[in-house]
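Novice: Hey, can you work out the whole structure from these sequences and the hints?
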Amino acid sequence: MATEVRGVVATGAERPVEVTTVRVPEPGPGEALVRVQACGVCHTDMQYRDGGVSDEFPFLLGHEAAGVVEAVGSDVTDPVVGDFVVLNWRAVCGRCRACRRGRPQYCFDTHNATQPMTLRDGTPLSPALGIGAFAEKTLVAAGQCTKVDPSARPEVAGLLGCGVMAGIGAAVNTGAAGPGDSVAVIGCGGVGDGAVTGAVMAGARRVIAVDTDPRKLEWAREFGATHTVDAGRTDPVAVIREVTDGFGADLVVEAVGSPRTYEQAFYARDLAGTVVLVGVPTPDMRLNLPLLDVFARGGALKSSWYGDCLPTRDFPTLIEMSLQGRLPLEKFVTEQIELGEVESAFGKMRSGDVLRSVVML
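Numbering-wise (numbering that gives the first Met the number 0), the sequence shown opens with residue 0 and increments by one.
Hints listed in this document are in silico derivations from the structure and should not be mistaken for laboratory results. Please note that the accuracy of each hint is not assured.
[Stated by the list, open to error] In the DMTMM-like style, the derived pairs of lysine to aspartate or glutamate whose C-alpha atoms are separated by at most 25 Å in a straight line are:
#	residue 1	residue 2
1	146	329
2	347	135
3	330	342
[Said to hold, decoys possible] Cβ pair distances, simulated, as ranges:
#	residue 1	residue 2	range
4	175	280	18 to 24 Å
5	175	211	25 to 31 Å
6	11	285	27 to 33 Å
Bear in mind the structure is a predicted one, so any value in this text is a computation, not a measurement. Just so you know, even glycine gets a beta-carbon here, dropped at the ideal spot from N, CA and C.
Specialist: Below you can see the structure in the form of structure tokens.
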């Protein structure tokens, strides 16, 4: 029997979201029903609302979530009922060519729940990133549930479900930041500050935060940035070079997703340095770099998928670090809100007034 819950639904491009009744089916094979406790408001949710991801409306928004497993399909042995889990949008298949080569973080056949959640009239909903967690309960693939220490606060734990993990992973997993490195991060929202945090965790000697918003630069300092650059007032490439003895940074994380800032990242790195793109571009964007410059500078140009994370490996470790006081996840939470305040949270996100609004259920 399906369960009726409240959920936040986007019915059309750039229309205000609605809190409405959502029908959630009992879990079938390979599925899990999760009672959502907290879900962060991410830029990706706003992109779904605005029609920037696809036109498969209506969308059930929300994906950066933590909660408790209430039921599982008959064939599911992990997770089990009662587990406290962080939801992820890359449930690995274990069978594709990446998984078979021991690289499940690059799984090419990730999956979601098979059964659709619907509106009361039976209209199927498209869950954001296969999760749909701006709802009191959601149905996901069992592999999208990662068990973590239940003593973690849900509003903090859920942030690993997307933005913060993407940023930390961009610096640590994709960029391989290490002790003594110089790391520059361009764009200091939730993902960028995650990258700042990851660089600090990795022991970087210099962490240079770049943004045009003074508030975001102050947030970056709180996460451990040793230097900040207001790109609206000065040339960030020149400042990064000055801070790094004229050489450029060992690693530059681009957390904006635009050709202009990517070009800045490219020229702000040291010879044989690394650029990691974790900011999400739009389909119309194009990059124009002299091929000779690409050849002459050497190093690596990488893209980071979800911080190249493996949830079963990374989520429990990062939660443990948070509980030990070695990872300040709580600093990412600007405010706690209710389901009916998601539309307002989008406005605050656009204006840069929040790092993360978190819906509490």
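Novice: Okay, which hints does this one fail, numbers in order?
Specialist: The structure conflicts with no hint, since it agrees with every one listed earlier.
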